[in-house]
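What follows is each chain in one-letter form.
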Amino acid sequence: MSRLGTLLEQAGAILLAVIWISPLLFAFWAAFHTSSDAVSFNLLSPWTLDNFRTAWEGAPWLRYFLNTFLLVTIVLIGQFFFTTLAGFAFAKMDFPAKDFVFILVLMQLFILPEVLIVENYAMVSRLGLFDSLFGVGMPYMASAFGIFLMRQSFKSVPIELHEAARIEGCSLLGILWRVYVPLAKPTYLAYALVSVSTHWNNFLWPLIVTNSPDTRPLTVGLSIFGAPENGVDISVISAATMMSVAPLLVAFLLFQRQFVQAFLRAGIK
Amino acid sequence: MNKRVNLERRRQAIYGWLLLSPAAVMLSIFAFYPSAATFWSSLFSRGTRRRPSEFIALENYSDLFADPTFWVVLKNNLLYAAVTIPVSIVIALAMALWANSKIPARGFVRTAYFTPTVLPMIAAANLWLFFYTPGLGVLDQIGGLFGLPSINWLGQPQTALWAVIIVTIWKEAGFFMIFYLAALQTIPEDLKEASDIEGASRWTYTRRIVLPLLMPTTLFIMVNATINSVKLIDHLFILTKGGPSDASKLILYYIWEMAFAFFDAPHAAAMTILVLGVLCIVAAVQLFFIDRRTHYQ
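Read top to bottom, the protein sequences are chains A and B. Residue numbers for the first sequence follow the working numbering, beginning at 1 and rising by one. Residue numbers for the second sequence follow the working numbering, beginning at 1001 and rising by one.
Because the hints were derived from the structure by calculation, they are not lab data. Heads up, the beta-carbon is just placed ideally off N, CA and C, and yes, glycines get one too. It is possible that some hints are incorrect.
Listed below are several chain A residues computed to face chain B (Cβ distance under 8 angstroms; list not exhaustive) [to be verified]:
(1) Trp20
(2) Pro46
(3) Pro96
(4) Glu119
(5) Ile147
(6) Ile234
(7) Leu254
Distance condition first, Cα-Cα at most 20 angstroms in a straight line; then the derived EDC-like pairs of lysine to aspartate or glutamate [stated by the list, open to error]:
(8) Lys1241/B with Glu1257/B
(9) Lys155/A with Asp99/A
(10) Lys98/A with Glu1008/B
(11) Lys1102/B with Glu9/A
Let the sequences and hints guide you as you build the complete structure.
The structure is reproduced here in structure tokens:
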């Protein structure tokens, strides 16, 4: 009885896995076949690269890739800068109103940049950052999640190391840079993974702030390319989709272990 | 001596604030000020060239409450939350328990569960479009094998929202699984051994030991799922655009539409404030629970 149960459970686990991966597999299949072959599921039908050629010529993908790459880099550098300083202050400094300010920061976890699109749009325009990658990245830089994560990580550093560095004559920023930052490497790695995959995939805010192919990230480009008004067929859309998810997907498949380990080690709970 | 301590304290305060100030400035510019400004502008009428905007107190809010679309959208979003939150949590938990147990092809299973997480919502929507398209789509073809009629999943009001819900669950369950996996690995082996010695079945062990220990993780995931039920709307742009006849429109999409398609910022602002209000209540409730059940340093 229990053996049958185990077997059923294993079948369930694998069935769920197959269902979960199938949309991706079908898109992969469609991307390499003409649209009529793609929907008839004839396994013997010939493979083709034409869809990729059509899709590639249909939009400035290289520019989109570059924009997305620059965007995630800008956001990540900004986030590291702001969250390191603030996280350090919350973890190791003692100043008046600290707890109150920390609660204010935590509140930002719920005041999502996505919800404030109207006023953030006005703010970005006022700062002259409309239709620029900085405009897309800025609202996410002082991330409350990041500050919280860094605080937790810095808190676990033994105070003895701090004192030792100070006796050696290290300045406060020197201590932060030479003692705390190196020890928090796993947290930085995990945070970087979360941040890069979030911003690689972000859509609504870039849609609002960008207005030209020169700044548009991949997601926005893909949505414009696939819009029904453009009348592109399903195989070409699949090809474009596969193309734009490939870098992140390949990176994930290659570094899967590290990816998941980084999550686990950072103690995001 | 006392003077030294005082000096040290003042030094710490100055450094603390200096370190904090860059983030504080950014948070003020992109979170606190916009929240206040949104509230302020929700109290004014929409300015036109003939009639400049003027203070109308809560009229934008009463307009919203009188707007039938608002109620439809609200109802949609409540259903969206009520389905996606529990279903994706249950699936995530099952995934984590499976991915953590000894099953064949575990590597494949884990990868399959997690892969949707690294895809952009826009790409996910494109993939699912291939499933939902009437006539050509995979679902219709499977249905066709059993002689079922072709169904326009995205084109009819009864099914459009459900089609959107399924994509959301597909996208977020694997992400939540990671948190459960992390938590499962912190459960000491002794507990499993002890329950084996006591002769407890695997089911009893799961229900009486594992699930209670996962409680803090579940709460954390619930916070995330709640936020997602407001935030995850990108696929609407591809799949339904909120249609047909608003059947799959969600609040954030409606805010976007109002502000950037109808250029009606004041009503969008009023709706934003309502969403923020609800999120704050959720935050307060959940922080209260998290504070009582988990111990952050």
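Going back to the hint list, which numbers does this structure go against?
2, 7
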